[in-house]
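**Student:** Going down the list, the protein sequences come from chains A and L.
If you use this note's numbering, the first sequence corresponds to residues 1 to 569, in order.
If you use this note's numbering, the second sequence corresponds to residues 1 to 192, in order.
Quick caveat, the hints were computed from the structure, so don't treat them as lab data.
Idealized CB from N, CA, C, for every residue including glycine.
Think about it this way: if two alpha-carbon atoms lie no more than 30 Å apart in a straight line, the pair counts; the simulated DSSO-like pairs of lysine-lysine are:
1) L:Lys70 / A:Lys298
2) A:Lys143 / L:Lys75
3) L:Lys49 / A:Lys143
Short, incomplete list of chain L residues facing chain A, as computed with Cβ under 7 Å:
4) Ser30
5) Arg34
6) Ala71
7) Asn72
8) Lys75
9) Ile77
10) Asn78
11) Val79
12) Ile80
13) Tyr176
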Amino acid sequence: MQLTGAEIIMECLLRENVKVMFGYPGGAILPTYDAMTKYLDRMHHVLVRHEQGASHMADGYARATGEVGVCIATSGPGATNLITGLATAMMDSSPIVAITGQVGTGAIGSDAFQETDVTGATLPVTKHNYLVTDVEELAYTIKEAFYIARSGRPGPVLIDIPKDVQNAVTEFIYPEEEIVLPGYQLPSPASDSEIAAALELIHNAERPVILAGHGITLSGAGHELQELAEIANIPIAQTLLGKGCIPEEHPLVIGWMGMHGDACANHAIQEADLLIALGMRFDDRVTGNLKTYSPNSKKIHVDIDPSELGKNVPVDVGINGDLKTVIGQWLPGLKQCSHPEWLNRIRDWQEDSHERDILNHESNGKLLTAQVINDLWKYTDGNALTVSDVGQHQMLEAQYYPHQRPAMMLTSGGLGTMGFGFPAAIGAKFGKPEEEVWAIVGDGGVQMTICEMATARQENINVNLAIINNNFLGMVRQWQELFYDKRYNATPMFSPDFCKLAEAYDIPSMRVTSRDQIEESVEFARSIDGPVLIEYMVEKEEMVYPMVASGADLHDMKRRPKPGEEVKQ
Amino acid sequence: MTPHTQTREGKTTIVALVENKPGVLNRVVSLFRRRAFNVDSLTVGRTHKEHVSRMTIVVDSATISPYRVKANLEKLINVIDVQVLTNDTPHVSRDLVLVKVRTDGAERSNGVTGVCERYPAKIIDIGPDVAIIEMSGTEDLVEKFVDELRPFDIVELVRTGLVAMGRGTRIQDTDYEPVKVKNGNGVYKTTV
Chain A
1 MQLTGAEIIM ECLLRENVKV MFGYPGGAIL PTYDAMTKYL DRMHHVLVRH EQGASHMADG
61 YARATGEVGV CIATSGPGAT NLITGLATAM MDSSPIVAIT GQVGTGAIGS DAFQETDVTG
121 ATLPVTKHNY LVTDVEELAY TIKEAFYIAR SGRPGPVLID IPKDVQNAVT EFIYPEEEIV
181 LPGYQLPSPA SDSEIAAALE LIHNAERPVI LAGHGITLSG AGHELQELAE IANIPIAQTL
241 LGKGCIPEEH PLVIGWMGMH GDACANHAIQ EADLLIALGM RFDDRVTGNL KTYSPNSKKI
301 HVDIDPSELG KNVPVDVGIN GDLKTVIGQW LPGLKQCSHP EWLNRIRDWQ EDSHERDILN
361 HESNGKLLTA QVINDLWKYT DGNALTVSDV GQHQMLEAQY YPHQRPAMML TSGGLGTMGF
421 GFPAAIGAKF GKPEEEVWAI VGDGGVQMTI CEMATARQEN INVNLAIINN NFLGMVRQWQ
481 ELFYDKRYNA TPMFSPDFCK LAEAYDIPSM RVTSRDQIEE SVEFARSIDG PVLIEYMVEK
541 EEMVYPMVAS GADLHDMKRR PKPGEEVKQ
Chain L
1 MTPHTQTREG KTTIVALVEN KPGVLNRVVS LFRRRAFNVD SLTVGRTHKE HVSRMTIVVD
61 SATISPYRVK ANLEKLINVI DVQVLTNDTP HVSRDLVLVK VRTDGAERSN GVTGVCERYP
121 AKIIDIGPDV AIIEMSGTED LVEKFVDELR PFDIVELVRT GLVAMGRGTR IQDTDYEPVK
181 VKNGNGVYKT TV
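Start from the sequences, fold in the hints, and give me the full structure.
**Tutor:** Right, dumping it as structure tokens:
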């Protein structure tokens, strides 16, 4: 069958089971958009309003489904606009394939119109990338790109395709052979000695803690993790991206860890004699000061990426492997253990945690972000797919919206990309149309990608956009309050009337100013089949507690002051 | 000749086999830059297989674990095999230097010749004013040789950087063959 390069791209996407692409056309990618017209009965294209939105949508789709998300952009500015989304996906191991147009092969290097060295520019923020200069290599390259994106530690892969390659005609024969990459080996199962070494530490531990990360979700190892924890009676602390990898209501889940994590989880980590780190990477936001991090514990670290083992924290047993396989290998030899004293101690911390940090929200008539998120949790039965942006609301969402299923809280954890939430929620809804999707975002972050309201409208996608509006860049303001003597430079923020803006986009909206309207806002959102915007006008100067200052010891947490108490600076 | 350790103190040699494709060097260099790995020298050249290139990288092992460098190199899709050569790993290493020195005047000329006789050095170009000398050996030996030439006025100098190879049957090779892709006109083709 004689096909153009552009048609080959479409044929290959079909064979990768791609259902939806997020993109934006332009000169160098036009042949592909033209070929696409013949495939739109089998694949849907979402026209975004900014390519960054396309990359976040592909990311949100990938995180929600575990499948590869696809975004398309033209050369030059189209491609460079993808970079923030690629870096976001890279940091959080999210599988994306990005296809970009490039100027013709003859013009490469001549500073042609809309030419950028895209493979060069995206090299540090992709798992791998390609410049395809020959149409004969196109099909195999696309197959390889999808394989790399979704296998091992997932990540973004970019394919840059010059316009003349898209136009070139060749006989299309889909490469059926398996992908063989000499320098890319997927991890093998753990060795007997690794299993024995890990089990010995587990069996001898008196104060063990499991640190469950995103890897559990990516590997689909929730069931194995739960068995491990139940048989050996080990409490589980989750990372931000690990939240929901096993149900948060499980009695062994003690909360999430790190800078704004639950105080009890941080205390447990610091006091532990064994950390079992599963699919997490000891990020600085999780460890605080490395010198004093969990000083008396042995460490077992399992990760699919061998370069993570020992990167930040020295480990006693490091196992490179897929978590589902490795934990599965531990289970047959795992003995029943019990640590009643340890669990009681953690329970005491937990109660203290709840008392100080959670229940200490006396209602004084002002609407607080924590209340909004807590009530959204309540009225959505804790069952919605929530996508956060970055900042105070993100941390509060992690604190106040527990999830019972994996991949139900999407957030830009590693890169901390403001503007991620709303487009990622749109992508997630395309992947999981059966879920109730809420983008819970701040007034700062949402304005970075607010143009995607038009996309939501055009697609009539049923995403509920909850904007937590405090007229501040809240988290930056919090740092200014704590560490810069309240010099609020560049954090007070004018925001548009979001409800009027929604009207301009033909999106129904509601403004909430008091707590008793929250239930109604959820009902309102649920009553509309399509995008909805709800603006929650919250207290301007809220704080997120607990807080481990950047670089401080993990146990050195600033706690929410009791009424009448000064904050410990 | 006194025996020299193959790798200087505080330095570790890493040998990587990589696919011989455009942009692979860029990927490796970009990795070192973004992970802030300190590289002493990096050489790259072809091997006896046209689709495989070989890189010898000397890193500052005082500041970075060579095994971390290895783990990160192995993440690059185009990197086939990486081995760390420490002084406990029997291996040989060579650095090649070209030095242009002044040879005007009998004293200088004789001095240079004298130094060259004590090293495995060759004078490969000679004129009335300057000579180019080639010498290869371990980095230590090269350092010493260069130091001895300094009094005679070095006017130009270039070193290739270290190349290394495991001794005996420590063979670092790959049986990888590029995938032949059936596409286009149904012709098997090598991916680039």
